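S.K.: One-letter residues, chain by chain:
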Amino acid sequence: MRVLGLETSCDETGIALYDTERGLLAHRIYSQIALHAEYGGVVPELASRDHVRKALPLIHETLNEAGLTVKDLDGIAYTSGPGLVGALLVGACLGRSLAWALGVPSVGVHHMEGHLLAPMLEDTAPDFPFIALLVSGGHTQLVRVDGIGRYELLGESLDDAAGEAFDKAAKMMGLPYPGGPALSKLADSGDATRFRFPRPMTDRPGLDFSFSGLKTQVRTTILDCAVEGVLADQDKADIAACFQAAVVDTLAIKCKRAMQQTGVKRLIIAGGVGANRRLREQLQQTAESLKGQVFYPRPQFCTDNGAMIAFAGACRLLAGSAADLAVAVVPRWPMTELAPVDTLARPQGQQHG
Amino acid sequence: MATLLILDASSTYCSVALIRGDQTFELTELQPRRHAQRLLPMVDELLAANGVARQEVEGVAFGRGPGSFTGIRIAISVAQGISLGLDIPVYGFSSLRVVAQQVMMSSSATRVMVVMDAHMGEVFWGAFELRDGLAMAISAEQVGSPARCAADLLAFDGVIAGNGIKVAGVVDDQVRVHAEAVLDDVEPLAGFAAPLVCSAWMLGKFAGADQYAPVYLRDSVAWKKLDEQPSLLKR
Numbered sequence: 001m002r003v004l005g006l007e008t009s010c011d012e013t014g015i016a017l018y019d020t021e022r023g024l025l026a027h028r029i030y031s032q033i034a035l036h037a038e039y040g041g042v043v044p045e046l047a048s049r050d051h052v053r054k055a056l057p058l059i060h061e062t063l064n065e066a067g068l069t070v071k072d073l074d075g076i077a078y079t080s081g082p083g084l085v086g087a088l089l090v091g092a093c094l095g096r097s098l099a100w101a102l103g104v105p106s107v108g109v110h111h112m113e114g115h116l117l118a119p120m121l122e123d124t125a126p127d128f129p130f131i132a133l134l135v136s137g138g139h140t141q142l143v144r145v146d147g148i149g150r151y152e153l154l155g156e157s158l159d160d161a162a163g164e165a166f167d168k169a170a171k172m173m174g175l176p177y178p179g180g181p182a183l184s185k186l187a188d189s190g191d192a193t194r195f196r197f198p199r200p201m202t203d204r205p206g207l208d209f210s211f212s213g214l215k216t217q218v219r220t221t222i223l224d225c226a227v228e229g230v231l232a233d234q235d236k237a238d239i240a241a242c243f244q245a246a247v248v249d250t251l252a253i254k255c256k257r258a259m260q261q262t263g264v265k266r267l268i269i270a271g272g273v274g275a276n277r278r279l280r281e282q283l284q285q286t287a288e289s290l291k292g293q294v295f296y297p298r299p300q301f302c303t304d305n306g307a308m309i310a311f312a313g314a315c316r317l318l319a320g321s322a323a324d325l326a327v328a329v330v331p332r333w334p335m336t337e338l339a340p341v342d343t344l345a346r347p348q349g350q351q352h353g
Numbered sequence: 001m002a003t004l005l006i007l008d009a010s011s012t013y014c015s016v017a018l019i020r021g022d023q024t025f026e027l028t029e030l031q032p033r034r035h036a037q038r039l040l041p042m043v044d045e046l047l048a049a050n051g052v053a054r055q056e057v058e059g060v061a062f063g064r065g066p067g068s069f070t071g072i073r074i075a076i077s078v079a080q081g082i083s084l085g086l087d088i089p090v091y092g093f094s095s096l097r098v099v100a101q102q103v104m105m106s107s108s109a110t111r112v113m114v115v116m117d118a119h120m121g122e123v124f125w126g127a128f129e130l131r132d133g134l135a136m137a138i139s140a141e142q143v144g145s146p147a148r149c150a151a152d153l154l155a156f157d158g159v160i161a162g163n164g165i166k167v168a169g170v171v172d173d174q175v176r177v178h179a180e181a182v183l184d185d186v187e188p189l190a191g192f193a194a195p196l197v198c199s200a201w202m203l204g205k206f207a208g209a210d211q212y213a214p215v216y217l218r219d220s221v222a223w224k225k226l227d228e229q230p231s232l233l234k235r
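Protein sequence lines, in the order shown, are assigned to chains S and L. For the record, in the first sequence the residue sitting at position 117 is 117 according to the numbering used here, with numbers rising by one throughout. For the record, in the second sequence the residue sitting at position 226 is 226 according to the numbering used here, with numbers rising by one throughout.
These are computed hints drawn from the structure, not numbers from a lab. Please read these numbers as outputs of a predicted model, since none were measured by experiment. All C-beta atoms in this analysis are idealised placements derived from N, C-alpha and C, irrespective of residue type, glycine included. Incorrect hints may appear among the rest.
[As the list claims (entries may be wrong)] On the chain S side, residues computed to face chain L include the following (Cβ under 7 Å):
#1 Leu35
#2 Glu38
#3 Val43
#4 Gly86
#5 Ser97
#6 Leu98
#7 Gly174
#8 Leu175
#9 Val227
#10 Val230
#11 Leu231
#12 Ala328
[Claimed, not checked] Covered stretches of chain L, as calculated for chain S (at least 3 residues, CB under 8 Å):
#13 84 to 93
#14 222 to 233
Kindly generate the complete structure, drawing on both the sequences and the hints.
M.R.: The structure is reproduced here in structure tokens:
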């Protein structure tokens with residue numbers, strides 16, 4: 001089955017073609033970073049407008065790269081939530097109407113399920129069950145995965161997502177947008193032991209996270225070190241290094257705890273923060289200390305992309321899931337509401353929100 | 001005449017029409033904020049009700065705005081998907097022009113200034129004149145304050161139409177006396193776009209889906225740029 005995947009939930013237009021026999025055939029990602037840079041964050045209206053401009057040309061490029069036409073498609077998958085409603089609607093309306101015109105089935109995919117299954121696009125894909133750490137600008141979750149659609153939420157952030165904390169800390173330091181990657185780069189030249197930042201919620205049982213206090217700590221430290229509103233380069237690098245170490249340690253402590261509590265030895269990392277090198281190194285050590293294994297998608301599939309949507313969509317379409325003609329997107333959508341794939345024996349209507 | 005589909009989601013109405021031979025069939029529903037849920041089902045229902053298979057459709061036209069930003073994106077996205085899947089060309093028409101066409105087809109009006117609510121205290125407007133049975137633009141489409149629009153309305157001879165008339169400050173007593181007629185309950189409906197769409201088809205104006213873009217008119221966003229945002233450190 002050949003499935004075209006469309007991802008337009010936030011500030012990346014991702015298009016991909018996945019074949020259930022041959023794997024990923026082609027993919028394209030267009031990032032809107034430059035568009036939002038002068039605002040220091042994603043402007044929803046601008047994001048929606050850009051998806052309209054980019055989606056169709058990227059579909060043509062993807063099909064051309066694979067040497068296929070729309071007539072070769074057996075199904076269409078599009079992100080139907082969670083995300084920015086106006087942005088989601090672009091990909092969902094385009095994908096759903098394309099499927100209608102072609103007379104093939106389509107399915108609305110949960111964005112986080114896409115991230116969760118992204119490591120399965122790689123040659124060394126994990127077997128079920130595994131623990132997933134989903135870390136992005138919008139989410140920080142620990143999920144036990146026993147199969148496609150069999151998700152148990154073990155813990156999540158009670159306030160800011162880890163990526164959001166990275167971005168906000170970077171903004172306070174005056175780093176260029178997007179702040180997360182800029183902060184990580186700066187941290188390489190900093191002393192991660194100079195300031196004592198907390199590892200929030202690690203001193204008590206449980207797998208939830210909280211990053212907003214850490215953000216306040218960064219703010220206080222910046223104000224303590226700054227002289228007449230100017231922060232020395234070394235101070236900046238040290239704060240970045242200490243902040244990153246605090247976030248990475250916290251994530252690693254909770255991952256270890258999740259693996260110990262469940263007895264599951266496989267850990268996957270997905271979402272934009274999953275591209276962070278320090279996080280990858282530390283989780284590798286964590287898993288090794290428990291005689292476990294860590295799996296990641298390639299860095300370009302850590303951030304939003306069409307390949308993960310095509311893949312997750314293909315799994316659900318194969319299981320008989322099919323969207324009806326009413327296009328519905330769900331800006332807020334708990335992943336635990338998803339149906340397990342093995343219960344989708346026959347085609348059924350699916351309408352969200 | 002070719003078999004053509006028309007979509008409009010630029011107002012609170014969700015409206016689709018089908019041109020088949022010399023007939024036009026229309027399906028319109030008042031569906032505020034539910035365009036995505038109704039547009040494609042309505043296309044499917046309209047074709048089925050008239051015994052037309054989707055493969056028979058030769059072109060798809062859509063209201064490209066100005067109007068509801070989300071609505072026009074839904075219309076263009078659905079038009080793009082249909083165009084790509086059926087390998088047929090598209091045509092984007094002005095939502096203001098459809099309102100003018102509608103007024104001209106329903107009355108003896110030959111000059112119409114269309115005013116639509118642009119929200120955020122602004123309106124969209126544009127003037128049209130009847131030529132060979134079609135509403136043709138005689139001014140650029142604009143977005144702006146009710147006061148700027150009112151000044152244009154005072155200088156215009158003809159009918160004023162559209163939901164923007166209800167926006168405070170657009171039509172005062174002076175404008176009302178000056179105008180030939182004031183029609184505040186006209187919304188863009190797909191069926192009335194049929195003459196415009198047929199003409200575009202004959203003139204070869206249908207083109208690849210990437211040739212027509214939404215027309216928002218308002219390009220500023222209510223969002224502060226970084227240098228206007230508060231900062232902890234000196235910039």
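S.K.: Taking 7 Å as the limit, does the beta-carbon of Val230 (chain S) come near enough to a beta-carbon in chain L?
M.R.: Holds: closest Cβ of chain L sits about 6 Å from Val230 (chain S), inside 7 Å.
S.K.: Holds or violated: is there a CB of chain L closer than 7 Å to the CB of Leu98 (chain S)?
M.R.: Nearest chain L Cβ about 4 Å off; hint holds.
S.K.: Would the hint on Gly86 (chain S) stand, with a C-beta cut-off of 7 Å toward chain L?
M.R.: holds (6 Å)
S.K.: Does the nearest C-beta of chain L fall within a distance shorter than 7 Å of the C-beta of Ser97 (chain S)?
M.R.: Since the shortest Cβ distance to chain L is 3 Å, the answer is holds.
S.K.: Take the shortest C-beta to C-beta distance between Glu38 (chain S) and chain L; is it under 7 Å?
M.R.: holds (5 Å)
S.K.: Going by Cβ atoms only, is Leu175 (chain S) closer than 7 Å to chain L?
M.R.: violated (11 Å)
S.K.: Gly174 (chain S) was flagged as interface toward chain L. Is the shortest Cβ-Cβ separation under 7 Å?
M.R.: Result: holds, 5 Å to nearest chain L Cβ.
S.K.: Going by Cβ atoms only, is Leu231 (chain S) closer than 7 Å to chain L?
M.R.: Interface hint status for Leu231 (chain S): holds (6 Å vs cutoff 7 Å).
S.K.: Count residues of the region 222 to 233 of chain L with a Cβ under 8 Å from any Cβ of chain S, then say if the count reaches three.
M.R.: holds (count 8)
S.K.: Once the shortest beta carbon distance from Val43 (chain S) to chain L is found, is it less than 7 Å?
M.R.: holds (5 Å)
S.K.: Against chain L, is Ala328 (chain S) within 7 Å by beta-carbon distance?
M.R.: holds (6 Å)
S.K.: Against chain L, run the beta carbon of Leu35 (chain S) and see if the smallest gap drops under 7 Å.
M.R.: violated (11 Å)
Of the numbered hints stated above, those contradicted by the structure are hints 1, 8 and 9, listed in ascending order.
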